[in-house]
Every structure is written in structure tokens, then in C-alpha cells.
Amino acid sequence: MSYLVLKDLEKRYTKDGNLIVNKMNLSIEKGEFIVFLGPSGCGKTTTIRMISGLEDVSGGEILIEGENILGKKPKDRGVSMIFQSYAVWPHMTVFENIAYPLKLQKLPKAEIKERVHAAAEASDITALLDRYPAQMSGGQRQRVAVARAIVIKPKLFLMDEPLSNLDAKLRVSMRTELKNIHTRENSTSIFVTHDQSEAMSLADRIVVMNKGIIEQIGTPMEVYQDSATKFVASFIGTPPTNFYEVKIEKREDGLYAIATGFEYKVPDRLVPALLPYTNKKVDLGVRPEFVGVSLEKTHSLDHLCESVIQFVEPQGTHAILITDIGGVETKIMTIDHMEIRPNTKVSLFMKNGNVMFFDIETTQRIK
Amino acid sequence: MNRLNLIQKTVMSLILSAMVITVVVPIIFFLSVSFSNDFEMNQFPKNLIPSTSVTVKVAPTEQGLYEIFYNNGEGYRSIITTANPIKLETFFNRQFAVTIPGEQLVEQFSKTKENGPMEFKLKKDMFYNFKQFFTIATKAKSALVNSILVSIYTIIISLTIGSLAGYAMARYNFKFKETINVTLLIVRMFPVVGISIPMAILLINFGLFDTLLGLAILYSIPNIALTAWITSSIFVGINKELEEASFIFGANSFHTFMKITLPLAFPALAASSMYAFLTAWNDTISALILTNQNQTLALVVYKAIGTSSSSIQYAAAGSLILIIPALVFTFIVRKYVNQMWGGVEV
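So the protein lines, in turn, are chains A and B. Heads up: the first sequence begins at 355 in my numbering, then just goes up one per residue. Heads up: the second sequence begins at 822 in my numbering, then just goes up one per residue.
If we strip away everything but chain A, and leave its shape as in the complex, we get:
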């Protein structure tokens, strides 16, 4: 039995309104770090608010340790939450903030003090216990929110974009720290974000959501390298995957994907799956790092087309080349050709057949 189970979870705000969360099914094991990833409005925040009890559920079930928690008040669900705005109470000192949940449990004073200090130490704010939130930086307030969340020893940690109000540098260090605390406290966490690098670096498993539907559940590597749908392929990765509408044609030496700008021979491993699509249109997706650049003309099987580099965006470790293939803007990530100048004529090829095909109607991966 999984630790947390969402069964056909549904949410609509008005009676006949749109489903914000549509038949969501998910099971989470104890100790897992799950990240809900998706664009804004995809229902990820709504989902954790339903788990926390702040939002009513329109249909389905939520089980924690096999027990249905629907209808329970938020305080009786054994969850704790870190909010986007931190939600640190400004009229209480840090100590009072952290002690608030314990005081409500009517614990003895000595125990409250001990646990608050332990939590403060875990999140490194022992020196700030007497301060008011207004006298602290965003990062420190974040730590207070974390301390308050861990002090109640929750069954489940919910984090609603907790890092999005921090500056870029702090965000990176805080996320390491959050992961640290998660490991140390041996807790089960759900983390909501729209930032894929955050999701990739934190998650044991990522739940990619779009328009209230789970697009894919998988480890960071799975979602990136083995995207299940066109949405996942386009949402994950910076720069995003390049997509071309291609027509599958059968020729003597195999299947070919024909686009306006290029022809590409389908790798052998994908031939069986793509055969039914012969003479039909599909989406071809290729990640920027899998488009190869060569200054000499190549005529290998992987060859795509000749093209002119329009812009170069140097990134230090790599450079992004922007070009145009058959009217589609294409981004290429390169390490070997960082010195390339705009307006250079290059030859493009597909590296190692790292290409994905997607059904145009269902947007599902063809493999």
C-alpha cells in the first residue's frame, strides 16, 4: 500500500465549470520527494491545496496510509505546508511563529521550547528567534517557514512554489537545503513548481501536469530523455525541444520523415512503431543538444540540411545557435562550435538518432 494515494481526484470551481484537475491518479511512497511540474494554471497548486484540505474536492479520494482524509479539517490531516509567500505571521516573533502549532497542541512549555530550538537549528535560524519577520530577509523568512513546517513532524510536507520569491542565487542554495532537510527528517514531500531546473534537481519523481492532466510521471532523467508526450518534451529542457511537422514516407531503404526543410531517415528501432503512420503526418522532436553542426558538407545518413546560423547566444559552458529549418526556428546547443559567427553556412545532422516522434492528435510519443 502506498503512503499517499490520489484516486480519480477531480476539482472544478463552479458547478458546471471546467475541470481544473481531471481524474488524477497518483501514488506516492513514504520518503519520496515528488515534484509537481507544469505551467501556471495546470492545477498543480490546486492539487496540493486539496491534499492539505484548504480546497474542497469535487470528486475522487485522497488516502494517507490507507485512510481517506477527505472531510477532515486541514489541522487533522497531519500535513504541513510551506507557502509561496512563506506565510510567516508578521506580528509574531520567529519563536512564536514556530511555536504556534505546538501551542495549539497544548504541549508543555519545556517541550515546545526544546522542539522549537531543534527546528530552528535544523533550518539554521537559532540566532533569529527573537526577531520579527519584517526585520529579516526573504531567505531568512523562508527558513522560518521551513522550521515551522518541520516542527510538527508532519506525515506529509507540502511546498507550494516556496522558492519563487527568492533571488536566483539563493534559490539554488535553498533548494539544496530543502533537499537536505527532506533527507534528514526522512519526510515525504510534495513540491510544486513551474521551474524545471528546480524540479529536476529536487525530485525523486516528477509529475508533469498540463491542463489538469498528468502528462507523465517519472524520474528527472526519464521525463527528460524519454518524454511521454509532446507537452513534456516541449516543457522540459532549456532551450525547449525543436518540433517539425513531418510526413512519414516509405522508401526502398526504409522510412523517411519528410519536412519542408529536410528529409531524415527514421532510425531502425523506430520503424515498427512508425509503420502505421506511413503517409501520415506526425511531429518530429529533437532536443537542441542532439542537433549536430558541421562546417563541412556531410552526406551521412544523419544529415538534415544546410542552413545559415542567424544568432549566437554564448552561455559560457555552451552556446545556443539559432537557425531556421524550413520556416521553423531551431535552437541548437553546441560545445564544439562555440566560436561560430552569425551568417555562417553550416551543415546540420542528427546526433545518434536521438529523435522523438509524436502523434499529432493524441500528442503521445510514438515508440
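Since the hints were made in silico from the structure, they are not lab data. Just so you know, even glycine gets a beta-carbon here, dropped at the ideal spot from N, CA and C. There may be inaccurate statements among the hints.
To be verified - For each label pair, taking beta carbons as the anchor points, the in silico distance ranges come out as:
#, chain 1, residue 1, chain 2, residue 2, range
1, A, G492, B, I1106, 50 to 56 Å
2, A, P393, B, V1003, 56 to 62 Å
3, B, S834, A, S491, 37 to 43 Å
Claimed, not checked - In silico DSSO-like cross-links for lysine-lysine, where the CA-CA straight-line distance does not exceed 27 Å:
#, chain 1, residue 1, chain 2, residue 2
4, A, K361, A, K377
5, A, K427, B, K960
6, B, K1080, A, K427
7, B, K1061, A, K565
Given the structure of chain A, go ahead and fit chain B onto it with the hints provided.
Just chain B, lined up with the frame of chain A:
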């Protein structure tokens, strides 16, 4: 902030000084008047700072009486000739605000029989006018209590109803929300006097005429609207997540409201309570219409000013009694109104 140029500065200071003059000058005048005795009142030009003692010249007459001379700025003048202790006491009391028993005065003055005319410096009772105000306006004492009670009732009524309405407007969506929002302001558009007559009839029917509660209800009507407006804007500004965090961490709705929402809205409540207090404390017209026996202090002072044309210093003393609690309350509350959470060391 941009620095103001010379012309802007001048205009600003002129406006400010005009405001200060219109507010401060009457207060200073009344302050001065309320500590002056009858003679000082009739002096011209009047001294701004009232004296703390009275100097009189006493000369014995051949009949064994004392002739008392007083210098009101134009040289000594004979003002009374008597040896009757009661007469002396009343005279010094009324005219000089000197509260020394008649026998003592006679005893002091008797020295002149041996030494000839002498000057006497008699200590003035600085709070004579205030005491006198309570003696003249017999209802002043109970009116002061009434005023305090009515103010408290008004604050309680308008804050409970008004802040709940403000919370509802800030947090919930309901039909006609905008209309209700505007309607609340319309309530404030009516001068209280305008609704006093129908109110009087209503209160009579409810048996609340000439009661403090009835008065408080009348004062609360415009203040509920104002409180709702002030608090709703503050409640909107309170991040909903602060309340949600409280729910998550173990509180129920009531506890959350009391421990999280209310303290955060405290500046708004303080401001509203100030308005409620001032409405109740300062009103005379409605009190005039709606009360008979249970008058408020403002009304009593108003009547005192209207009737005691001869001795305006008593009315001035009454006015000060009226002003001081309002000032004190406003200054206490001001601290909270200005308070920014955490920024101010508590």
C-alpha cells in the same frame, strides 16, 4: 523624494501655518480663559498667561471696615468695602477665584488696623473654573460618565458589525457586493441630524429614547459603514496564506481570526475606533434631540456656552474637560494606527 523649491516651500508653510493657527489659536485662547478669574477676563488687553495669585491693596476705614483696592492695569480702584467674612469670601471667590475662608481673610486684613494700608498676595485656585463648571452645570458629572459609556458602546457596536462586514467584503464573493459597497458609503452621506427625527421616533417605539444605548446605535450607523470600508481594505491586504497557514498548523476558524487576522488588522481597528469615539464624543445635535435626562458632556458644554454669557471661563473649563479625553484617546490610538508590524519596537 523630490526636494521642494522655494515657492513650493513657501506655499506649503503658509498653508501649514494657516492650519496650525486655525486649530491652535482657539485652543490656546480657551486654555488661557479657563484658568482666568473674572477680573482677568475683563482686562484689556487680556494676559495670555493667567496669574497664579491675586494682589489686592487693603485699607482700613474709619467704620472698622476694609476697603479693598485692585489694580486692573489702569491704577488702583476701590472695589468693595466690607468687614463681613461671608461677603468677603463670596466676593473673593467669584471675582478672583480665591478660595480662602472669610474668617482667614478678615484675620489677615486685620493687620492693616495696626500697620495702615497693606498689599496682600492671595493664592488663586487654578482649578476654580473647572470646579465651578461642575457646580453650575449640575449634570456635568453624570454627563461625563454618559459620554464615556456612549463612546464605548459606539466603538463596540460599530467595530463588531463593521469589521465583520469588512471581512466579508474582503474575503467572500457574493451577489450585489459592489452595490453593497457603495451603499455603505451612501449611509455616510446623510448628516446624522437628518436622520435624527425618524430615529427619535424609532427609538421611542423601541423604548430606547433617552438611553445611552439608543444614542450609541445612532452614532454607530455611519461608523459601521466607515469601519467596514477601512477594515475591508486592510483585510484585502492581509495575505490569505497567513490564515491558511494557521488552518494547516492546527487552528480552527475562530482561533485563526482571533490570533492571526485580528491582530494584523489592528491598525485598521484602531483607526476605526478613533472615528467611532470622536463621533460619539463630539456630537451635540443628535444628543440634543434624542436625550432628555441622560445628556452627554458635549451637550452640557454646548448648553453652558449658550447660557452662561457672563462667565465664559466656566464654559471654557468645560470645553477643556471635553477636549482632553478626545486628545488622549487620539494620541494613544495614533501610535497603533501608524504602526508597521515588526518595524516598531514594541
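Cross-check of the supplied hints:
1. A:G492 x B:I1106: 50 to 56 Å: holds (53 Å)
2. A:P393 x B:V1003: 56 to 62 Å: For P393 of chain A and V1003 of chain B the Cβ distance comes to about 38 Å; the hint is violated.
3. B:S834 x A:S491: 37 to 43 Å: Holds, since S834 of chain B and S491 of chain A (Cβ atoms, about 40 Å apart) stay within the stated range.
4. A:K361 x A:K377: holds (8 Å)
5. A:K427 x B:K960: violated (57 Å)
6. B:K1080 x A:K427: Within the cut-off at roughly 18 Å; holds.
7. B:K1061 x A:K565: Holds, at about 25 Å.
Violation of the numbered hints given earlier is confined to hints 2 and 5; the remaining hints are satisfied by the structure.
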